[in-house]
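*Asks:* Here is what each chain is made of, one letter per residue.
There are 2 protein chains.
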Amino acid sequence: MKTRFVLIHTSHAGNVGAAARAMKVMGFSDLVLVKPRWANVLRREETIQRASGALDVLNNARIVETLDEALDGMTHLCATAMTPRDFGPPTRAPRQHFTELLLNQELSPLVHNGMKADFPLVSACQPESVAFLFGSERFGMQNEDVYRCHVALSIPTDPLFGSLNLAAAVQLVAYDWRQALGGFAVEAATPERQLADGAEVAGMLAHWERALAGIGFLDPASPKKLMPRLNQLFNRSELSIEEIHILRGIAKAMLQRTGPDAGKASLPAAASPDQ
Amino acid sequence: MKTRFVLIHTSHAGNVGAAARAMKVMGFSDLVLVKPRWANVLRREETIQRASGALDVLNNARIVETLDEALDGMTHLCATAMTPRDFGPPTRAPRQHFTELLLNQELSPLVHNGMKADFPLVSACQPESVAFLFGSERFGMQNEDVYRCHVALSIPTDPLFGSLNLAAAVQLVAYDWRQALGGFAVEAATPERQLADGAEVAGMLAHWERALAGIGFLDPASPKKLMPRLNQLFNRSELSIEEIHILRGIAKAMLQRTGPDAGKASLPAAASPDQ
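Line order of the protein sequences matches chains A and B. For the first sequence, position 3 (counting from the first letter as 1) is numbered 3 according to the working numbering, and the numbering increases by one without interruption. For the second sequence, position 248 (counting from the first letter as 1) is numbered 248 according to the working numbering, and the numbering increases by one without interruption.
What you were told as hints is all true, and nothing was included just to trick you.
Quick look at which bits of chain A chain B covers, simulated, 3 or more residues with Cβ under 8 Å:
| # | segment |
| --- | --- |
| 1 | 18 to 24 |
| 2 | 90 to 102 |
| 3 | 146 to 157 |
| 4 | 166 to 172 |
| 5 | 177 to 186 |
Simulated from the structure, these hints should not be mistaken for laboratory data. Note that CB positions come from ideal geometry on N, CA and C, so glycine has one too.
This is chain A alone, in the form it adopts within the complex (with noise of 0.2 Å):
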């Protein structure tokens, strides 16, 4: 969805480069910027610095001089808004609200027979094309400027200390606005892990607990709960095929230092893991 940022009356240029590049990493490229502090803000060294290789997000930004510029073809405009305003548009949770945005519901007639909705209230069909409008460092956005917005978007910080930095919103919702749109695949950095059934479990336990016997660690006589407790253990880990391959590896070893006979005598071959 065409999905456009909006950085109005910004002070700090490093900020205007860590947001192109919160966009960035999200997938997002389009940022207008409403009257800056700095006219020359797109080519200053910090901006440029903090930006880190976003430098096409800021070659193609615009500077405009008033809201209304930012805002052509446009049609679903969310405010951020740190602060409570007396009127203005519902505030939300970013996540709720790009959740119900996007789920184009039909719920809006149920509402005018008379019930009171008691779900959450959505237009009946997606927008085009969303804006996100940020503030200035310093003061957030004005109230005329978030009277006219479908929302109000209002990152849940803690109560305590709500002092969000200018780009660290811009990353927050240009993610939750990313992971609604169906996100990016995660890239597995390890392949698969095949899992072991059962019985392969059982048969690298009954593999172990003779080289236990084997190195003097298992009394037969006396075995305690020393295999339950590490069946339980495995159990815990999961284990996959290439780990019993190891394990028994392991064993076989043990059983190597111990002479081939040592943990076999008095214990059956394949003993019950489950017992």
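Add chain B to chain A, keeping to what the hints say.
*Replies:* Just chain B now, with coordinates in the frame of chain A:
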């Protein structure tokens, strides 16, 4: 739940300050630095500036020589790694992992009765404490530090630009973790809207119908579909009782301009808005 953020070999003082601020807005305060580039990083000007009031986090932060010292008392270790590793813990998106971690499910036994798991594998009990580990800005986490962790969290970013700022990563993980723990409430800026019921909407529309005829906009002899259109518009607006009063006030003012009987003549007193 006891939560610690561990920054390993951090280079930029500004990132340490921004990380402290990012933690604090999400209600976390336990910060440990392992061998930061600057021994005095907690007192550097850039750190304090970017912390923007999260000074208690900086004041209580510890600087240690080794990761071992940083992890005392922490039971569940989360690496953050943007680049894949051959070995090591499973890679997960933070939001997914946190949900599973807090589910306190009893799924594990099933896996070992010979069934392959096609559901998420979670440990049967919640951890007592969680540490989030972040590597250096340039190189990320070292392999041996990742290997000791229970999971490698990977924030889902654009595959074409995964360059997430360190403090931004701390912000996103702190946000997702706080949300998973129940989150902070969003303070409603505006009082709850009390919705008008169907009868109130219909009464207002009848008032408008008279007024629009009064000012000559609606031709009672050929009303076309004006009133149903307005009805649909106001349905989508989900009118509050207060807004009904405003709209009736406008209708009244229109009628006063045109004489009390101007619009009444040929219209029923309460036209059904559902025609």
